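K.L.:
Guided by the hints, dock chain A onto chain V, whose structure is given.
Heads up: the protein sequence lines correspond to chains V and A, in order. Be aware that the first sequence starts at 1, since it is given in our numbering, and climbs by one per residue. Be aware that the second sequence starts at 1, since it is given in our numbering, and climbs by one per residue.
Please keep in mind that the hints were generated in silico from the structure rather than gathered at the bench. Please read these numbers as outputs of a predicted model, since none were measured by experiment. Glycine residues also receive a C-beta, built at the ideal position from the N, C-alpha and C atoms. Just to be clear, a hint being listed does not mean it is correct.
Claimed, not checked - Selected chain A positions facing chain V (Cβ under 8 angstroms, derived; list incomplete): (1) L54; (2) L75; (3) S76; (4) S89; (5) G100; (6) L103; (7) A267.
As the list claims (entries may be wrong) - Only some residues are given here: those of chain V computed to face chain A with a beta carbon under 8 angstroms: (8) E56; (9) G96; (10) Q103.
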Amino acid sequence: MIWLTWRQFRFSALTVFGVLGAVALALAHTGPRLSREYADLRAACGGASCHPEAFEDFFFSHLGVYLGLNALVIAVPAVVGVFWGAPLISREFETGTQDLVWQQSVPRRRWLAVKLGLVGLAAIAAAGLAVAAVSWWSRPFDATTIDGAGRMSPVLFDARGYAVLGRAAFAFALGAAAGLLIRRTVPAMAVTFAVVVAVQIVMPTMVRPHLATPARLETVITANNLNGVEASGPGGTVRGLQAGIGPPGAWILTNETVDSAGRTVDTLPAWVSDCTTPEAPSGEITQQQCLQRLAAAGYRQVVTYHPADRFWPFQAYETAIFGMLSLLLAGFCFLRIRPS
Amino acid sequence: MTAVVRAQGLGKRYGRRRALSECTVDIPAGRVVGLVGPNGAGKTTLLRLAVGQLTPTTGSIEVLGGRPAADAAQLSRVGYVAQSTPVYSGLTVEEHLMLGDRLNPRWDMRIARDRIESAGLDSRQRAGRLSGGQRAQLALALAVAKRPDLLILDEPVSALDPLARREFLSGLMESAADTGASVVVSSHVVGDLERICDYLMILVASRVRLAGDIDELLASHHQLIGPRRDPTTLPGAEVITARHTERQTTLLVRAQRPVDDPAWTVAEIGLEDLVLAYMKADAASLSPMEVLR
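Extracted from the complex, chain V is given alone in its bound form (with noise of 0.2 angstroms):
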């Protein structure tokens, strides 16, 4: 069984851990250098000599392959899914094989307990492998990431940790499972990349901000935190502000302004344009004079927020919710492969 599941199942297996074992090849032989271009510039930044932006523009001149490399972090779980979960049974059904191979003489339970197995087991390994290899050449840009955009954002999340590996089980499971209901290859692919994308946005803006209870920080406004006033139209309606505030690396859930009362507000006073950063320094005065009165009026700036530190426990929540999800659709898999 294990020689059936290898004989049919090489080729897209090499062709997978070909694709990541050669960008791996690569991400290895040019990690060193980057390593060291980051060390340099920060000796250099420790003694106080060095350009402002100097991170910055080391952050953004690698943006492109930075972006490329966690995209194909994310990618993996719906290529194992689609390309390996989905024609794992249904191929047998398009072809009519299931009637050689469930003849012979291994029950059905075993035929799929030995191919979700093995492939799944690849599967995982895959994902692991891209992962570990990313975030290892990644350290020096994961360092002097823009704010915002740390390890806890919503699309670096995914592209960091173990919870990769789980969610490339449950895709992977996901596949199989659509394969054995639907019985064709194309269009089991089709809904298992459909659900993988679609868990994909679910579980970061509807599941992953209620994995623990968000940090709250209230606080008055000032030039310091003050990042930007909303504002609908040219002399419109003042929005809200966007204030600069919670602790370094964290994800921003909510960014809003309060009144007196506690109470968000939809609208501001139209003098709240005032308090925007002014372009000349006369403006400043105009500036600080707004934002004393915003302050007397009683309005704070309030964000909600998961710290930095929640990342590793959020990878294990996340890590065993798709570990469940992929267990309930192998038992789903071994329920159904019964003959009917």
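P.N.:
Then chain A, alone, in the frame of chain V:
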């Protein structure tokens, strides 16, 4: 007579469509059994139930005394060639034999190689490049080299040209003789069955209409031609079909003893005519109610 397949009130329904209903059969051991019947009689459903690719909706089926595909031991005792003679197009002939070797405890590589060789297959060739006849030969080799006690073939030759058909059937006969397995083969081509089977079973609308040793069946059925007569009854014989022209009546009767009424001219009947007669008789005798059901 021990049965290799024993079905009791066996039925299979897909939603509201009945593929097989109230099927009760006993397929004897040690024979090469031909299973014939019109399309939709439930032949394929019956065979798929017997190999455990389907489970019954009603009734029960026992194969070699066990539940079909219940476990590895049961699976190893039954060889099956499906109607589409499926093989893995990406695997070579040799790799199919390795598959059989690794997946079957009773596998006999010598039997497999002999079959591949006598069928003239190149063991390095990918199965996807084989002709329909060669594919069927490979599927047969896989089923036979398991050394099953029962070999079930579902219209294995229906897609083959006459030459490939003949080669396949002779291959089947050799294998059956070599392994001593009981064989059940379904077909709608009676001529093929006549060459290889010694036992015939006619399935019409899920029911076994006729079953028996082919020689005995042929010996006990006669065609009678004589002057027109109504009603068509005959003492000591069962009339299967009656055909009338203005002056003449042709009967197909089943009788244990020869008919010695001088009014009739007695002729022997071929297997094909016999099968067709039973199928026709059933179609005619079913009441409208039964047909609707």
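K.L.:
Work down the list of hints and note, for each, if the structure agrees.
P.N.:
Now for the hints, and whether the structure bears them out:
1. L54: holds (6 angstroms)
2. L75: holds (5 angstroms)
3. S76: holds (4 angstroms)
4. S89: Status holds, d = 7 angstroms.
5. G100: holds (7 angstroms)
6. L103: Holds - the Cβ of L103 of chain A comes within 8 angstroms of chain V, reaching about 4 angstroms at its closest.
7. A267: violated (43 angstroms)
8. E56: violated (52 angstroms)
9. G96: holds (4 angstroms)
10. Q103: Nearest chain A Cβ about 5 angstroms off; hint holds.
In this structure, the earlier hints numbered 7 and 8 are contradicted, and the remaining ones agree with it.
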